[in-house]
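Peer 1: Next come the chains, spelled out residue by residue.
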Amino acid sequence: MGKQEMKNLSLVSHFIYNCRKCGLCGSKFTARVPYVCPVKESTGGFEHSTARGKIILAQGLLEGAIRPSRELAEIIYTCTLCGNCQIQCGSIDNSTGLPLVDTTQVIEAMRADLLRDHPELVDQAYQAMFNSTRQYDNPWGLPRTVKERWAKGLSLKDVRKEPHEVLLFTGCTIPSNPALGGRARKAALILQKAGVDFAVLGKNEPCCGSVQKRVGAFDLAQEMKEKNIALLNSLGSSTIITLCAGCYHTLKNDYQAGETPLKPEVYHFVEFVSQLVKKEKLAFTKKNSLTVTYHDPCHLGRMMKVFDPPREILKALPGITLVERAASRENTICCGAGGGMRLFGGGILAEEIGKAAVQAARDAGAEAVVTACPFCELNLDAAARQLGFPLAVYDITDLVSEWSGIEE
Amino acid sequence: MTARLSKELFQKLSNIVGDKYITSEPLATYVYTQDASVFGGTEAGIIIRPGSTEEVSQILSLANQRRIPVVIRGGGASIYGQPKGVPKKNILLDMTRMNRILEINPESMTVTAQCGIIMGKLQHPCRQAGFYLFCPFAPLQIVSLGGWISGAAGGGGIWRDIVSMTVVLPDGTVVKTGGGPGSNVRQKLSYNRVLGGPDFTGLFIGDGGSFGVKTEATVRLTRFPEVIRASIFEFSKLEKVLEVIKRHVACVDPHPFNPIMVFGSGAMRNFMPDLGDSDSFVVMGMMQGHSAQEMDAKLDTFNALGEALEGQRNPALDAMAATMAASSSSESETMMDWLSFFNALGLACWLPFTLPREGFAENYRKLIAWRQKRLEETERRGYRWNGTFEFFTPSDQSTIIGEIDVFFQNTSTPEMFAFVRTTMQEFQEYSHEIGSIDVYNQGVMSYINGRFWSPGFRQLFQTVKSALDPNLILNPDLWMSEQKDTKRK
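So the sequences go chain by chain: A and B.
Anchor point for the first sequence: position 82 equals 178 in my numbering, and the numbering is continuous, going up by one each time.
Anchor point for the second sequence: position 274 equals 1742 in my numbering, and the numbering is continuous, going up by one each time.
One chain only, chain B, in its complex shape (with noise of 0.2 Å):
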């Protein structure tokens, strides 16, 4: 039994959750410092697993009466660290036993479920059910729904079908969101996201986990589309890959059924290894829906319009088109993980972006020239890159979202991962430098994004958290540290 926290604590947290539960054994902690990202975070004095909202609410009821720190983890999936707390002294909630589905009512085309499920795990009844959980770009099979909701849920429109949420606040109040029983009592469904009073819901999305605990959500869904297309062009200009994207966004929403995706040529390499030194942005429209009349006419739509830009046709990515529209309407494409292939391709060094359409083009290639300063100094100091990543897309009408990535040789070496660190971190405070903000509101990621609010949204977050964690316990380094998480080697 570790000294770090008291016996007599952990016995009442033991109480609540039971023995089977919970652990202050040193190499269980240290296992929980390390999760998918390079950054990791802090060692916990005490780790629980609860198994419910009532077991939540009590912990953190007990944790608020004697002023100790709690940090939240989900699938352990971040790509910029967890939240560090006090080390040693946290009780860390490892919330990934709470993984039940409550419910999916056809009706109303939601799904309630625990917040420690895996989404891919969430996402399996719902297509057996005949429905689609839109939750783009993520690694479905690691990511959990509340770590999705509290981290990144900001970025790819999910944020739009999150209805409602069960919330244990740092007292350990619990509360209901979402216009049904919250603002409802004689209501037992959550049904609408915004129904007599304040959108709510909206408080606890993309908040990191500073604002409560999230026990449960209940999130709207879409009919599962059968049908699919898919056409794939060339293009040489960056210019025309936007033009593409705006005569696309005015005329349907982009997502989650008709998402335009653009991949740079070394994104492209990593498919098709002979695609030779061509430095075209390849450009991907699908249309999914229910018709196929529909779809077809989508197709010859968004096939008129990369014509009438001269984007160019490639057999071998009409075939890639060809293959994708066969294959996704198969589980394996809504389930579709790219966690493998990703992990085949080296030591990630992610360098997301979340920039306006408008003016993306000159912040793009300064995005890209940052880059390639950055690679010709992984050449200067001999580490070896197996290759790069480049993707965006249009997450709404006038937000679009990528990545730039490059792809380490994977390495023991201990200086290799810190400039790993120090890359991603110094990427963000660049584009965070030209108006990009990111949407992963995790570890490393919250400190850049809070240096960066003004005065008045500073102040406006400080009320809130004030008012519902007055004694600041939970997860209370987010946002507000200035220190740098790593130092430049």
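Bound conformation, chain A alone (with noise of 0.2 Å):
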């Protein structure tokens, strides 16, 4: 069987050669690692739907033994690229502190030369996101006006009109989807009660292409990072906000990479939120009972190692009593939307693995779980929702507004 020529593969191939194929990515139990591979979990649990198992596949399309096909796509797009599996591997090179084997970046780079060379063999949905976001600067087939709607009468700074500080950016989601319940226009307040100065794109924010990246089409990632780093360098914000952890994830780790980075600082809302409450900015009136867990997204947690602020801010809402799941921080079991898995095979696999986070959610004692990510709200939400449980799934957004005595 030829070789085949595999170009982004070819660049990570390091990775692949570090692997020991000994397989504690499927198999690592501890006290705080009750599973490592969600996918695994989930389904059969086969060796392919374990990181040992998809490096194995790389490997062999590297050297020729396998031939992309349908099964191949259909395997390497069921990953929610969660991270999981090289945290619990641990193998560091130890000149460079680095991992040795980054699993992500080979998924990540299989599904690029997939969908380079063979896009017929992937999954149509991806095609039509990709279509939108050229059309529509955003993912979700939906007119850019969604990004302003969110924020009528609301008096909101425009970002290229007026000197400000900070730019909040609301990302692609949360404005796009009614049942995320007025995010961004709760996080605007937010911010207005704190007296922060911030400005906002509206119709003109762009989309940060994280997901694009995540499924594969690294070459319009790559289009996106570039146009939107020229734009957000151009605007004179010092800081920029963002209220979803693929965006966070994307703007301070992609964009801050490469020859000409972003300039302005780069924040997570729970970040900035919780240096308002210990700078006494925002004072929380309301006091109500509730025990919560807090879910870390896979992009703000695990990849960005954004643990600590979400949960001060917890425990400074009065009533609020918090507890931990057997899998948190690092260790945290994705939702199951991650990697474009919400929209693969009609994000039935998702919400299998969202189901397993809401039942240790419940085994924990919460009455809740509260995230920091749309795809984890929305996914950990359908999860709750098809097991029937009374679990009620916020984001924290709702929570400092809610205890701010912020109304509408």
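Do not rely on the hints blindly, as some may be mistaken.
To be verified - Computed from the model, here is a short list of chain A residues facing chain B with C-beta under 8 Å:
{"#": "1", "residue": "Leu120"}
{"#": "2", "residue": "Ser123"}
{"#": "3", "residue": "His144"}
{"#": "4", "residue": "Pro164"}
{"#": "5", "residue": "Ile171"}
{"#": "6", "residue": "Ile183"}
{"#": "7", "residue": "Cys185"}
{"#": "8", "residue": "Ser187"}
{"#": "9", "residue": "Tyr232"}
{"#": "10", "residue": "Phe403"}
It is worth saying that the hints were derived from the structure and are not from the lab.
C-beta: ideal position from N, C-alpha, C; glycine also.
Each chain sits in its own coordinate frame; assemble them with the hints.
Peer 2: Right, here's the structure in full:
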């Protein structure tokens, strides 16, 4: 069987050959690691569902032992890219301190090569998302105006017309989805209440390209990155606050690497609000008894190490009791929506994975799950409904807004 | 659907385990050709993840009727590869779905679990209950209980703690071994290894999975040692090290709570890069138990032994011993996972041995000399190696197990992988020539071990094998293949 070109995979081949195929990524168990791979746990559990299996397939592709196929595409896209396998692997290059095996990079590269060379093999839902991105600058097929509707009546600064310090970057998913309950609006009201000098881009806010990159549209994501950096660097903002964990990871990590990095400081909303709380810029007037657990979004927690700020906020809310699930912080089991999984196969597996996270929250004695990512919120909420659990799912913005006495 | 095994068979097997737990997709079967070893296995026709003893029984019964080879896989953690069976015709049983703990019995001090459970997952609740499951030197987080019993339990002493097993014989018959419900149908507890009949439990330990599929096992627990002491000496002469071991094992059972671990200079450089050019041996004694007074006394005795034999102290090693003593009572130590450490060293060329303590010094030097020649060849070929790891320990009063591994730079070169395979295999052939009988009853090692069997031992094996597996369906190639797995390049 002839070798494939596999341009992107070749660039990360060192990760493949650093992997010892020991299987730790599929089998580790400790008090804080009930299991590693959410896909393995929610499917038949065959080896190809785990990182070891996918690395073996990647090596097979590089060496020409296997060829791209629809079945291969299905396996490669059945991954949340949550990165727990990489954390639990724990193999570090002692000279650089970097992971010896970066599974998410390998899987993203395989996706990129499949999409580039064999787009016909990949779920067409992704193609629709790319088309929407090109046409509307958001992945969800909605007109650009959805990004300004949420701000109606708030008299917010237009970032391009008025001096400001902070750009509130809402992302595509929150303003596009009615189920997310005016989250952007609440965030803006919180910032207003705290006296933050901020502005928005409205319908001109671009998509960051996170989802596109995760599913393998590297060229499209790179194009978006270059265009967006030029735009965001030209606005005069000293700080960008994101509401979405995926946007945060992309802006803070991807955009700040390369020859022309993003200049403004990037914070997730939870980081910024925790600072406002510490500086006593926000006062919480409400007291309501509620036991919650915090679900660390993969893009915010495991990948960017933002673990403490959301917990600090929750602990500052009067009446809130924070309980932890057995797997939390860097060991958190993915909600199931990562890596484009909600689009893949109708999102059935994503919700199956989400059920485990919801069950774990219930086992920990939580009445509600709080998170800081719209994908996590949607998927956990869907899973809770499917299970019929009376378990509320909130974004942390909801609680901060309510406890601050913000009313609309 | 592959044409390798019929659709009708697939459907029958699917009816046993459910659609979710069976596959014949070529990419799925391809993935199972590899494991933690550089040897791997062969491609199966069908892969099944059974969930119960009953399902395993039905699968084997059907396979036996149809004369279809069956190979077994646990955590995929072998170092010498998997049974090959008949490529593309095998039914491969991935046992890791059978991962439930059935009972922790604090009164009997036993744990009973399904054999597909990974040892780390088994160890954890035992620890929570105040007990300790003795499984030394295993990469706990990847090895299954069944794989450990079948493939490597002979080496580290755990065989003594295996009380009973539920085994599915190749024709589908389910048997229980050990003193308990197997040898007295009125008894519900598996509580003793040998009562009321021969030690059939021992028959299945270290069999490589030749005689049956282990589905459940009861293993003896010990109380978790709350008090740890450690002491480290350096010795320049191997004979002095062996004298420490000799005097130590004369007084105490070296396992599970009183191990002596000896590290060569290459191994120590992995822990302490600033060690320099010292060629000394580092000898660590650990004392684990339940009373500070007792452990302090044992520590004093060990220190007196080290000093009497002119062992040298080193402040850095003293600090290491203090750290180990302080951390060892935590869960992280009992769950100690060397895997990430070794994985970071590079492509492992494992060179393990098991030798009698008597005559060990001469044999160890021969093995080191063999490795030195191979390292010189490595350099002539331009292959780069990152370091070595020399380690040995008495596993009982008369046996020393150890390894003198080499870690190569990670590579994508097939020739180098072949070189590692060849080196591992030829090392075993050489070490067997000088009397090593290694514990890894798996893949390539089973062929080598089998080649050194006496005629009587071979006949006994074949008699038992043909009685239990007359159609030779279960891991059919194990032990008996004379082929060399790799060709020297």
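Peer 1: Evaluate each hint against the coordinates.
Peer 2: Hints versus structure:
Using the Cβ-Cβ criterion of 8 Å, the hint placing Leu120(A) at the interface with chain B is satisfied: the shortest such distance is roughly 5 Å. Checking Ser123(A) against chain B: minimum C-beta separation of about 5 Å stays under 8 Å; hint holds. At its closest, the beta carbon of His144(A) sits 5 Å from a beta carbon of chain B; the interface hint therefore holds under the 8 Å criterion. The beta carbon of Pro164(A) is not positioned within 8 Å of any beta carbon in chain B (closest approach about 11 Å), and the interface hint is therefore violated.
For Ile171(A), the shortest C-beta to C-beta distance to chain B is roughly 6 Å, which falls under 8 Å, so the interface hint holds. Hint status for Ile183(A): violated, given a least beta-carbon distance of 11 Å to chain B, over 8 Å. Nearest Cβ of chain B to the Cβ of Cys185(A): about 7 Å, under the 8 Å cut. The hint holds. A hinted interface residue such as Ser187(A) counts as satisfied when its beta carbon comes closer than 8 Å to some beta carbon of chain B; here the least separation is about 4 Å, so the hint holds.
Contact between Tyr232(A) and chain B, as hinted, is not supported at the beta carbon level, the nearest pair being about 36 Å apart and thus beyond 8 Å. At a threshold of 8 Å, the smallest CB-CB gap from Phe403(A) to chain B is about 20 Å, leaving the interface hint violated.
When each numbered hint is compared with the structure, violations occur for hints 4, 6, 9, 10.
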